[in-house]
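> The lines below spell out each chain.
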Amino acid sequence: MFARLLWKLLLGSRGRLSVAIVAIVSGAAVISALMNLDLGVEYRLTQEFRTLGANLVISPGRAAQSVDAGTASPVLMGQDTVMRAIEQMRAPEQVAAAPYLYVIARVGDTPVVVAGTWLDEARKLAPTWKLEGSWVASRDDIAHCLVGRNVARQFNLAPGSTLNLKYIDSSAQLTVAGVLDSGGPDDNQIFASLPIVQRLAKLRGLEGQIGLVQLSVQGTAAEISAYAAQLAKALPQFEVRPIRQVTEAEGAMLGRIRLLIFSMVLLILVLTALCVLATMAALAMERREDVGLMKALGGSISRIVGLFLAEVGALGAAGGLIGCVVGLALSHWMGERVFGAVIAARWEVFPLTVGLMVIVALAGALPLRLLGKVKPAVILRGEM
Amino acid sequence: MFARLVGESFVRNPRRKVLTAAALVVGMAVATSTLTVALDVGDRLAREFRSFGANLLVTPQSDTLPVEIGGVDYRPVDEGSYLPEADLGKLKTIFWRHNIVGFTPFLDVPALVNNTQVTVIGTWYAHDVPVPDGSTFKTGVSITHPWWKISGRWFNDGADECVMGMAFAASHPEVAVGQTVYVAEDEISSSLTPLVVTGVVSTGDAEDKGILVPLSVAQKISGHAGEFRQLFVSALTKPADAFSERDPQSMTPTEYDRWFCSPYISSISLQIRQVLPGVDVRTIRRVADTEGRILSHVGMLLWMVTLAALLAAALAVAATSATTILERRAEVGIMKAIGATNVLVAGIFLAEQVMLAIAGGAIGFVLGVGLARILGQSVFGTPASVRIVLLPVVLGLAAIVAILGCLIPLRRAARFDPAPILRGE
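In order, the protein sequences belong to chains R and P. Mapping to the numbering used here: the first sequence position 145 is 145, numbers consecutive. Mapping to the numbering used here: the second sequence position 211 is 1211, numbers consecutive.
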């Protein structure tokens, strides 16, 4: 009986309900799209910030990390020890990890910094580098190198030319694969794969040794420092150091952007909730004649109010569900437009939106309770 | 007669207007505040981005190749070229001078400090640079390197003081803040420069291993009076787009003017080259590209959120107007029964809506401005600036949504047969 009454109520007044349904569905769509966006935006932004380059550095500790041309004996780290430790820990999203070994070699008589690294990882560390020519794809390529813009200018190098590197009494002949433009100190360096540099410096027993590791780790400030602490525990003999310029500024920026979007979303949330509330309240007041009639027929007020609450509750739930689907599609589209990548749908948006819509719809129908006090005759005569 | 009808409607039954008016006020307040914030946010975020440090690097054009690992230059002092410090004030005379937030010259000198080989870094902390127009501009690492943290205090410009890097302090436990260190250029140099240590700085980078001194002190130690080697410039820029990437040489004069008068990083670096002859200005891509991308993405995101806010506001107003008009069907019935045409009925309702929209929109605008100020204060620390331009926009928006909201119910009301409505069916 209750269900049939409810069904008839919903079917019988399609015209009146359409305004309410439109309000609920679009309200739920806006709310769920923005909630999903707000939850997903931090992940996307931390990903975007990774173009800033490395945010963690592992170095042998306080001592100098460069192979200085002949003076102090360098302090280095075992390549396998460090890289294996990093590989075993993939807690937050690790964008790139590249080992580096620097030597100051000579081209002719001019000293130049040569950085030996894993070039495939180095590229992920510095996605903003502009390259003319081609990249060295393999970690074991011992014939090619990349040169910085200033190095290329100094020695008149272009992709394809050959370069002779001398380091004390060893030497290497390399082909320039590409010229890179970073706008930073990298423009003054030659980049070659790690084995080349290790071999160049082999008389000093450097094979399998590296000077430092640069890591680019994606995550919030707290996640990164937790990861750094974990890494420091695994490698107690070395120094794990977050690059403050990157991590701190990034954390502050993220905080501000999130706060901004969150407060705007909150405003819209309140506005949408108010809109749905007002519409439902108006709809409920329209029902007062039905209430009068039901009361006159002997319905108890709690049963009548229950009936109407069930009606608006069902309306809120259905509208919320449909709106949620629309909203998630909307946030999918927004993510694609803004970040060029999808913002994943969060399942928690569904219960939150539907719950909010049902609560707001029920709150809007609460004025009906007041009608319990009114005498049916007054309402039926149309005096209220 | 028409005016009296509309006026009476407000006087006789103000309660019915309250719902629509309230929706208008709240909706327009949200619209105003989100619009204000969205218009302001680009500038604010660009300024925030300066906490990542400089985005332009100025070096001598005819310089030899720097032998630099981890930010420390291993070249001897007598090699390479230098730039004159006296020219720096000219940076504040370029077209986009107000976009130059700060700049800091650096002069690295490999030297002996208490007989150990250390890089002595000469720089400014907060230096008053004389600008050709007669004013002074305070700049230095306090602005370009805001993440550097000091315990103790920074050196005074020009004084014989220094600040130790954290790693240097750790490896030289015998040196404490307040003590004096002795700096010599090399072993054979006879002159020792005594410097009082005033603090320990943590930079998170290669500077931690050296000591930082006022630029003038580094110039004295190295014998390069009035010169520096590198200049970091922090400038507020507009995110790069397809237009800014074009070669200025290939532009038509109008395009060139537009490019020159936009704060693109490429046009600012050209203007720096014009005032500082013989320099090479490079964009620090890592910072500039990230900034450009995030600024444009966050800007776009906020415009979408603003659009959602406008949509929600429109929806709120439209929904409430629609319900109030549905409630007044009986009134429509009476009017039509006594001979009002559809046009007159619609006219009365529309006039009411527009009056409500103007009143509600104006109140909403005031509330929204307050809201935007609070929002700006809590997010960026300074309230968002009020834009009066938005007032007509918001009022127009309010009128449009209020009219749109009552159009559909009015069209339905026009089809009503007065008799059944008056019977209450």
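If you're looking for bench data, these hints aren't it; they were derived computationally from the structure. Please note that the accuracy of each hint is not assured.
In silico lysine to aspartate or glutamate, EDC-like type, Cα no more than 20 angstroms apart, as pairs [as the list claims (entries may be wrong)]:
1) R:LYS130 with P:ASP1280
2) P:LYS1017 with P:ASP1280
3) R:LYS202 with R:ASP141
4) P:LYS1149 with R:ASP141
5) P:LYS1090 with P:ASP1247
6) R:LYS130 with P:ASP1247
7) P:LYS1238 with P:ASP1087
8) P:LYS1238 with R:GLU48
9) R:LYS130 with P:GLU1245
10) R:LYS8 with R:GLU248
11) R:LYS233 with R:GLU223
12) P:LYS1017 with R:ASP80
> Determine which of the earlier numbered hints do not hold for this structure and return their numbers in increasing order.
2, 4, 5, 7, 10 and 12
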